Each structure stands twice: as structure tokens, then as C-alpha cells.
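Colleague: What follows is the residue order along each chain.
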Amino acid sequence: MAINKHTELRYKIWHYTYLTICGLVFFFLIAPLFVIVPLSFNAEQYIHFSDDMLALKPEAFSLRWYEDMVYGTKNPWGLAFKNSLVIGIFATIGATTLGTLAALGLSSKYMPYKALIMSILISPMVVPLIISGSALFFFLAKIGLSSSMLGIIISHIILGTPFVVITVTATLSSFDHSLTRAASSLGSSPMYTFFKVILPLITPGVISGALFAFVTSFDEVVVVLFLAGPDQTTVPIQMWTGLREQLSPTILSVATCLIAGSIIILVLMEILRRRSERLRGIQPR
Amino acid sequence: MSIILTTEGLPLEKSLKKVEQKNKFRAFLLVLPLLLFLIVAYVWPILNLLTRSVDNRLISDLLPQTAIALSNWEGNEMPSEDIYKTFYLDLNEAHKQKLSGKVSTRLNYAKNGFKSLINKTRRKLKNFEDENYKDQFIDLNKKWGDIEYWQAMKVAMPKYTIDKYLGSVDLEKNYSGEIIQKPEKRRIHRTLWYRTFYVALGVTICCLLLAYPIAHLLSTLPLRYSNLLLICVLLPFWTSLLVRTSSWMILLQQQGVLNDILVYFKIVGDKSRLELMYNMTGTFVAMTQILLPFMVLPLYSVMKTIPPSLMRAGSSLGGTPFHSFRKIYFPLTYPGIGAGSLLVFILAIGYYITPALVGGASGTLISNRIAYHMKETLDWSMASAMGTMLLVSVLVLYWLYNKILGIDNIKLG
Chain G
1 MAINKHTELR YKIWHYTYLT ICGLVFFFLI APLFVIVPLS FNAEQYIHFS
51 DDMLALKPEA FSLRWYEDMV YGTKNPWGLA FKNSLVIGIF ATIGATTLGT
101 LAALGLSSKY MPYKALIMSI LISPMVVPLI ISGSALFFFL AKIGLSSSML
151 GIIISHIILG TPFVVITVTA TLSSFDHSLT RAASSLGSSP MYTFFKVILP
201 LITPGVISGA LFAFVTSFDE VVVVLFLAGP DQTTVPIQMW TGLREQLSPT
251 ILSVATCLIA GSIIILVLME ILRRRSERLR GIQPR
Chain Y
1 MSIILTTEGL PLEKSLKKVE QKNKFRAFLL VLPLLLFLIV AYVWPILNLL
51 TRSVDNRLIS DLLPQTAIAL SNWEGNEMPS EDIYKTFYLD LNEAHKQKLS
101 GKVSTRLNYA KNGFKSLINK TRRKLKNFED ENYKDQFIDL NKKWGDIEYW
151 QAMKVAMPKY TIDKYLGSVD LEKNYSGEII QKPEKRRIHR TLWYRTFYVA
201 LGVTICCLLL AYPIAHLLST LPLRYSNLLL ICVLLPFWTS LLVRTSSWMI
251 LLQQQGVLND ILVYFKIVGD KSRLELMYNM TGTFVAMTQI LLPFMVLPLY
301 SVMKTIPPSL MRAGSSLGGT PFHSFRKIYF PLTYPGIGAG SLLVFILAIG
351 YYITPALVGG ASGTLISNRI AYHMKETLDW SMASAMGTML LVSVLVLYWL
401 YNKILGIDNI KLG
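Protein chains in written order, with my numbering: chain G, 1 to 285; chain Y, 1 to 413.
In case anyone wonders, no lab produced these hints; they're calculated from the structure. Errors might be hidden in some of the hints.
Stated by the list, open to error - With a Cα cut of at most 27 Å, we get these calculated DSS-like pairs of lysine-lysine: (1) K304/Y <-> K12/G; (2) K57/G <-> K266/Y; (3) K109/G <-> K14/Y; (4) K159/Y <-> K142/G; (5) K85/Y <-> K124/Y; (6) K375/Y <-> K142/G; (7) K98/Y <-> K142/Y; (8) K403/Y <-> K114/G; (9) K22/Y <-> K109/G; (10) K142/Y <-> K85/Y.
What the hints assert, rightly or not - Chain Y regions said to be covered by chain G (calculated; three or more residues, Cβ under 8 Å): (11) 40 to 49; (12) 234 to 243.
Note that this is a predicted model, so its numbers are computed, not measured. We treat Cβ as the ideally placed atom computed from N, Cα and C, and that holds for glycine.
Produce the entire structure from the sequences given, and follow the hints as far as they go.
Modeller: And the structure:
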């Protein structure tokens, strides 16, 4: 609805009300995240905006909670970050490989029972985590993998695959299949076609699927709560225990780092999206 | 009619079929690794969870003869001497194998008081004489003469049972097999189911109301601005759930930011700060904000495809903006509304982390109860039964989603 000087007053009022509502909703979405950032630089021990902080006095801010995060005594965060990274990387590799292969099969027009198989492959995303967690807990205990890194990696591969399947299938749905036919008519073998024609074109989809899988694993806490022993503590587990006991400023420093991480991922995703559009010849509006 | 032959001399039709078979097989082979992996490591464990919820073999394995004896017992008069004797032999055997602790825990699920009763009894088992077991049991503890304990034991004995399902909706079986309501003060689960349902519904409606205008704004703004604003939706979407929950904890605490602002503007007194957290309010507000992106994104992707010329056409034919919105634009967004609402509802109904952290006692949902049974009471059959019921309701919704929108249409980001 375009507004110009001929618009009736009541529509003008309505239009500005609408914009205000939108502004408030955007504020509601984004503001809570940025409450964390200044508080993580607090010089005091309380989760509270002190008067000095509001007056922007430099002595009210410090990096002590970041120091505590990195060098603190009996510091759990180092191990947690290491575990989270190891689990995340292996889970991403597993989920991306299995998921991309499956997506390639699913996008073939010859695929039998497509709908049924697709709904099985997507199910880990839909089933409540508490149920996946309980089921995997019993299963991994039975095969002797409870409280082990391998067990957690297996569960995170399961939880990550739906995202890879969805993103890669979406990329393949706009893939021009005459390209593969052109390649074979020019004498290339199926493997060669895959690596030289298909893979470069679907790479943005594969990478964004991989990012989804990594974030899912890095952020996952419910299933790990059931599976992890004391040696398998992860960043979300540490945050969870910290939040249950007492909200400390160190947690806010970790949270700020995680927000920075998600900004990086957001930028990466945007670059991938643009690249994918350019590769497929879609012009931006 | 001549048959067309390929260069190898085969009929064309056959040859094409062969190629199609080969292609089918090739496609299936690509899906196979993931499918097998998921069936073995995911679908099967979940089915296993379902059997666990009805599996009651533990107790009848521990007290095998008693199970048989009690199944022949009518249950309306005191058990005979034979039953007491059988029970003594079984319990003694279990005690020797150091399994009487399991017996007491399991029977305590059936009736409170069994745990201490068995624990007191088992220490005296070695003093029993070889006759008049009934009298010896009752002399030891007069509860053994109370028919209610025997009735509870009879109800607990069958190898497979739906007791846990009854329990998760606050029903139970009496000794003659009729299904009855649990006593008033022990009814906790039904409230939780209702609460989970209402919270999921309320959060879905709130998300829809909040998401609709901003999705509309995003889809009508020029791409330059909408991409910027989209970040406001995508950044929370990509940020860790725990980070977002902790930001709500900072905001909603009694000494938190929101209360500080309210006190600063003298809306509430410093003494009467609002309790915004550890109750329903906290769960509801935090869940709405956390699930909002899942509503905005499907709505946005549908609204983007609606050509703006349709609204202009509506106005040029004399419709007021509201009328053309209601008659043209709104119906076209139904697929987005359906997708977003189902997605948010499915996610909300199984929510665990946020209610556990900001919900307190009155703001917890059914998932928290399942976790409680998994980790605290260790009543795994109960957890499995409740999990199964939750799973079935989610799968029904998933099936609906599939039916209405098609699973292929799920999009992310």
C-alpha cells in the first residue's frame, strides 16, 4: 500500500500504526540478544546494569569475565569447546556425506517410494528431542556406547541429516538435468559428470546444509544431557548447568562469543545464497 | 505389427524397462546408506521405546510363582496360605540374588508403602519357620494382612500392561481390572497435558499474530531494505537456544532489566517487583520469541510469491484496501499460515529446555515430566509411555503437514 499526499487520513494512520507494530515486533525479536553483550563486559559480579554502566564510565566495564572464561581456575570451558568442536566436525562430515548422497537419490525421477522415504529421513527433525534422547540413550547403552564421544557423534549425525537432505534437495530441484545429459553426450562418465558438473553447481546447497548440521550439533543439549558422561561435557551442557545453578557473567561472555559465531554463520549463508543464485543465473530483483 | 528393435537386437520396450529398472536401483542405492543408518540407529530404538512402555516382565520374572498364584486368586478375599508360601519362596530367592531392592522399587510404583514394607520384611526372611507363613508375615508387619497390598500386587503382575498409559492420564486399574480415576491429589499428568496443549496453541497464535505483519512488510519492501530487516529474523534463528534463553533470564528476573525499567518509570514499586520468571509468563514469552522465526520464514516465502498487482487490481475494481486484503491477499497466504502454524505447534508441544530453565514449577510442560521420569524417578516405562503419547500426537501433526503441504516443500532459511 503506497502512501502519497492523496491518501486518505485514516489509511495514513493505519499505515503508520502498521509500521509501528512491525518495528515493535522486530525489536522484540532482536533486542533480547543484545542485552547480553554489554552485561558480559560488566566489571562487577552481578547480572545487572549498574548506574556507572549506564553513565558509560570506562571503569564500569572490563574483560575480566572473558579472562575467567579462558584462564579461570578449574575452567570447564576449554574442554567443553574442544568437545563441542570435535563432535560438531565429525557429525557434520557424517551428516553431509550421508545426506548429500540421499538427496541425490531422492531428486532422481526414478526414485521409488519417494514420499515415504523422505518422511523417514526428515523424522529426526520433527520428533521431540526428549523422545530421540530417551530412545538413543537406551540404544547406545545396549551397544555399549553410553558416555562416549562416538555415541554422541552418531546421535548428532542423525539429528543433522534432515537439514542436509532438505537443503541439498532444494538446490537440486532447480538443477537443470539437461546439463548431465549434455555431459554424457560429450562422452563423460557418470563419476566424471558428478565431480565436474553436478557437484560444483550444488556446492552452495551442500555447504549450507553442512552449516545447518554443524549448528544443530553445536547447539544441541537435550540429547547430550542423556548421553554425556563427565568427560563429554560440551558448551551447551556447561551453559545449561550454569544457568540452572546461577547466572554468572562468565556465561554471558560465552554467550557473546556464540552470538559473534552466529553472525559469522549468517554472513557465510548470505554469501552462499548469492553465489548459488549467480551460478544458476537468477538475477536479483 | 513389427517390433522396434534396439541396436543390440532387443525389443525397445524391454530395453527401456531395463534402463528404468537400472535407474531406479541406482537412485535407491544412493539413499540406502542413510536409510539403513536411520532405521538401525533411530527408527528401531524408537520402536524399542514403544515396547518398553508396555513391557512389565521385570516383576513377573523376579517373582515367577507368585505371579501365577496371584493370577488365579479372585482378589475379593484374603489370599490363602499357599499364596503366602509361594510369595515367601519367591521373595527369598530374589533376596538371595540381591534383587529384592528391585522388587521393592517396582512394587512401590504400584502402591506407595511397598518399598519400606519389603525392605523391613526381607531382613527377617531368614528367621521364617517352615509353617504358617500367613501368620508369620502378618506378625512381622500388619500391612501384610491388608488386602489392598495384595490387590495392588496382583494388578502389577501381568507381563504386558497398559498401566503406564493409564497412569499418564491419571487413571489406574483396580484389582478386578476396572479402570478408575486416580485419587484427586495424585492427579498431576492430565493438567500437564492440557497445559502443554494450551501453551503450544497459545504460542502458535501469538507467533502468527506477530509474524504476519512483519512477513508482509518484508515481502513488500524493496530488496535492499528487506534483506537488512531479514537479518533481525535470521540472527535469532541462527543463535544458540541457550543463549536466547539466558537473555530472557536476564530480562525477566526480579532484579532483571524489565523490572528495573518498570521501577525506573515508577510503574511498579521497588518492593513489589513483578514475578515474570519461574512461572507460566516466563515460559510463554520466551517460547514465543524463540519460535517466532519459524513462523516468519514460511509466511515470508509464501508472501514473496504473491504479485503486488493483485491488490492493485482489487482497488481498481473498487475494493477498499481492507476488503481487497481480506478477499484476495489473505486467502493466498493460507499455505504459509498452515506451514508456519504446524511447524511452531509441533516444536512447541515437545519443548524442553526453555520451560525447564524459566518455567519454575507452574511453567513446566510434558517434556519436562518425561525427563523427570527418565532421570529422577527412573520409572523408564512411565517415561516411555508418556513419550509414546507425545510422539503419536506429533506424528499425527506431521502426517497432516505432509498431507496438506507435502514434505518436499519444507524450506529452511
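Colleague: Return the numbers of the hints above that this structure violates; sort them in rising order.
Modeller: Hints that this structure does not satisfy do not exist here, as all of them hold.
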